[in-house]
Every structure is written in C-alpha cells, then in structure tokens.
Amino acid sequence: MHPARSLILFTTLSGLGFGLMIWLGLGLPRVTGWQAFGGYLIAFALAGTGLISSVFHLGRPERALRAFTQWRSSWLSREAWLAVLALTLNGLYALTAMSGAPVAPLGWLGALAALATVGATSMIYAQIKAVPRWHHWTTPALFLSLALAGGAMIAGQGTLGLIGLAVAGVVQVLAWRGGDTRLAETGTDLGTATGLGAIGSVRAFEPPHTGGNYLTHEMIHVVGRKHAAKLRRIGAALALAVPAVVILLGLPPLAALVHLAGVLVLRWLFFAEAEHVVGLYYGKR
Amino acid sequence: MTDLPATTDRKLGLVIDLDTCVGCHACVIACKGWNTEAYGAPLSDDDPYGAAPEGAFLNRVHSYEVTPETGPAQLVHFPKSCLHCEDAPCVTVCPTGASYKRSEDGIVLVNESACIGCGLCAWACPYGARELDPSEHVMKKCTLCVDRIYNENLPEEDREPACVRTCPAGARHFGDFADPESNVSQLVAERGGIELMPEQGTKPVNRYLPPRPKDQIDVLAPLLEPVAQDARGFLGWLDRTLERL
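From first to last, the protein sequence lines stand for chains A and B.
Going by my numbering, the first residue of the first sequence is number 6, and it counts up by one from there.
Going by my numbering, the first residue of the second sequence is number 4, and it counts up by one from there.
Do not rely on the hints blindly, as some may be mistaken.
[Unchecked claim] Pairwise CB distance ranges (calculated):
1) A:P66 x B:Y42: 22 to 30 Å
2) B:N114 x A:S104: 30 to 38 Å
3) A:R10 x B:T23: 55 to 63 Å
4) B:A9 x A:W86: 20 to 28 Å
5) B:L238 x A:A203: 47 to 55 Å
6) A:A203 x B:A55: 43 to 51 Å
7) B:A55 x A:V89: 16 to 24 Å
8) B:N154 x A:A233: 47 to 55 Å
9) B:V25 x A:G216: 47 to 55 Å
10) A:L70 x B:R215: 51 to 59 Å
[Stated by the list, open to error] Pairs of lysine-lysine, DSS-like flavour, derived with a Cα cap of 27 Å:
11) A:K231 x B:K206
12) A:K289 x A:K231
13) A:K235 x A:K289
14) A:K134 x B:K217
15) A:K289 x A:K134
16) A:K134 x A:K231
These aren't lab readings, by the way, just hints derived from the structure by calculation.
From the three backbone atoms N, C-alpha and C, an ideal C-beta is built for every residue, glycine too.
Excised from the complex, chain A in its bound form:
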C-alpha cells in the first residue's frame, strides 16, 4: 500500500494524543489547574493535528461531514463519531480538572472513548481482507499498545510506559512474523485471481496499459520494501528500545519524543509493507 503522509501522521499523532487522554482521564497522573491545561493542550494538539491531517487524504474534503452517517456499518464512520465523542468528553473533563474539581467518572468515560477511537482507527485497516497483512488481531493490538505506551510516556508514567513498550514490542514481532507469510497462507495467488490456476501456472504477460493507474499508485508500493529489514530495526530501536532506556534514566517525556520518531517509521512500514491482493493482477506484490 502507498504510505500516504496524511495517514501516517494521522494514525501516529492521534494515537499518541488519545493515548495521553486515556491516562489523564484515569488520573494517572491526577492533574489540576495549569498542569491539567498543559497536559490536555498537548493531548488535544496531537489528536487534533492527526485528525486534521486525515482530512488531507480525502479527494473531496468539503464533504467530510458526510462520513458521520454510516456508523452502523463503517469503521471509518464509527471512528469519526468516537473521535468527536472522545474530544468532547475529555474537553469537559479537562475543564473540570482545570477548575480544580475534576469529575473522575467523566475522565473515565473520556478514557474509554479515547481507547475506542484508537481501536476504531485500527479496525479501518484490520477489516480489509484484501490486505492479508492487516487483516489480523495484531493490527488493533499494535495500534492500541503503541498509543498506550506513548501516552504513558508523555504523561510521565515510567512504569506504565515500560509495560506498554514491552507489550507493543511483542505484538510488533508477532505482526511482522505472521504478516510475512499471511498472503501466502490465504491461498490467494494469480491462479485464483484469474481462475486460470486449474489449467497451469499463470504469469502476468502484458499489463493493460503502459503507464500507471490509481490502483498501481495506491495499492502496489514496492520501493519501500527494499530496505524493509533495516527500517524494521531502526523503527523498533527508536519506538521501543531507546525509549525504554530513556525511561530507565528517568526521563519519560524525552522518551516520548524518540518514540514518536520511531512510530512514524513503524507506521510508514505498516503501509509500505502491506501487500494488496490486486497487485497479483499486475504480476506484483
């Protein structure tokens, strides 16, 4: 899949922002007054920047409000509703916290809504059966654990950050190991794609056109896979290993900055490494 900048920024930044809201809402740490203002400013800036950059992925952003209509069937629509709900609940809780009298249940509801928003974001990808690498429980697990770990670090919660990083590390390794073979495991190949597999081995002989098209630009991204192994190591180091060391040195917020850079690399790979089965029709992966 094409690693679109708007989507990498959206999933990374909103994940961190909502992750921070989860911990602040749970009272970890319990913030009031100017501390609450500062904490929620960072959370809203991250989530807001992420959500705004997602709009740049739309062909017709002026119609974006229509995305709220199909929450019964569409994860993208659910995500839009949950994001608004999370921002509203956390905004209200932030106001009570700033006034010095935080209403704890409001914070818990806000935390739950923020968690659900990250979950819905991840389901947009996990639901796509045509991208076998994404169509797996590790996709929501990875999005949620990275959001929780990143949020905990910004919130200055060293221990929670370490636990989050450890979980995210295990899930990331599982996602890579399983993901590398999942396309082959689905049984989908050029033989089933064309239905000609019963006759013999099928090879793409001639594409329909000499140039590219929307499908080849959007679904078939092969350039980034060249350095995938190196980028996995760089991403894992920046997102997981280095922040863990920095937390142990007693600087969780600094760890969060390194983590952010690493998650951007991991998220770039999340898209770049994902193979859409339509690539088979073009003799590519």
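Here the structure of chain A is known, so what remains is to put chain B in place on it, guided by the hints.
Relative to the frame of chain A, chain B by itself:
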C-alpha cells in the same frame, strides 16, 4: 445505508468468455466512451497527450500466460471490471453511504455527489474494480451501464452494457444470474464458469468461462476431412483410374 441487501430480486452481471476474447481492448474503449459522457462525472485523463498519460477506466484488459504441466503455454486475454459481488466489501466500508448495492438488480453503484474520495472502498475491493477519478476526486466504477440497460430511448439491441454491445468476438454476455434459464446462467452451467478469488468471500456475480483445452483439436481432426468425397469430371475419371491401377 451501506448495509448490503440480504437478497436482490435479480442478479445482473457479465459472463466473460476467456476462450473467445481476442484482447482487442474494444470493450475498454467502448466503456470509456460511454461512461465519459453519460452516468456521473466524466472519466478523466491525466496528461493524456504528454509523456506519462494516465486516466480512470472502469474496465481493463490484462494478458496472462498459462503453462500447463504438459503441453504448450497459452496466452489468455483477461478483461476485468466490477464483479458486482453479492457480499461486496466495498459497500460496507463506505463511511458516507455513497457506495451501495441495489436490491432490485444487484448493481453496485456510487452516488458521486456523496463520495468524499477517501478511497477506502478501493482498498476493500480485492479485484481493483474501483479507481479514483484524477480530476473529480470521486470514486468511479462499472455501473453495468445502468443508463443503457433500462433506457427506453435507445433501440432495444443497444440496451446492454457498452462493453457487451461492442465486443466484436462475442466474448461478453450480459444477463440475470438469478434466473437459471437466462443466457448467462446456461453459459456458466455449460462451460463451468469460474469465480475470481472465491477465498476472499465476496461472492462475485460475474463469471469467467475458462479457455477450452487447446489439444482437443486432435479429437475434432477426423471431422475436418475433405467435404467433397465424390469427385466428378476429369478429376473423377483420374481418381477412378488411379484407384484401379
């Protein structure tokens, strides 16, 4: 609502005969021609006369080489457009309701004025049947020429999809798969019509007829003996005379 209808009254779709298709791309051009001036936004092109021309098409013809375990390889031309799946994943992912499947005939359509161009439906489609228009930025897909098949302003023979109407080889057939007596249902039954990527669980309506085995020409060879068995005139006398020698 982007929920799928539980059942559709009819299941309109195409049968594409891979044995007959000659790969001329006439269906591609007929499709582009009709759909650029009829339903919805025109199918635009990017840099059409420049160095890297590209554009939105609803139908494209691939070519594949198939090599059996024994025997020679064969070339198969493979037109591909929307399969109007019964369990269309492109419809349920749509956040705006722009993407829908009609309960009366099963055609999958896009309401372009409600499309936000997020591209999620194109991601959800395993077949690459949807393309975002490069200038309108809305999703385009095969409409099964919904503006032809019911169009009473057209002569009756033109009330079928443009690709079917134009195919010079007769490799494309249009009909109702819900009716077991229809032309398409019978073709599928006779020739063992195939579903593309059945493991994706999309239940596509369109079917492809596999190429006939090429080596069966030997079975037919006896039938291809000279038709004129009773030579007359000078050749007949020569034949009889030589026969007697």
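Original post:
Looking at the structure, which of the earlier hints fail to hold?
Top reply: The structure breaks hints 2, 3, 6, 7, 9, 11 and 14; every other hint is satisfied.
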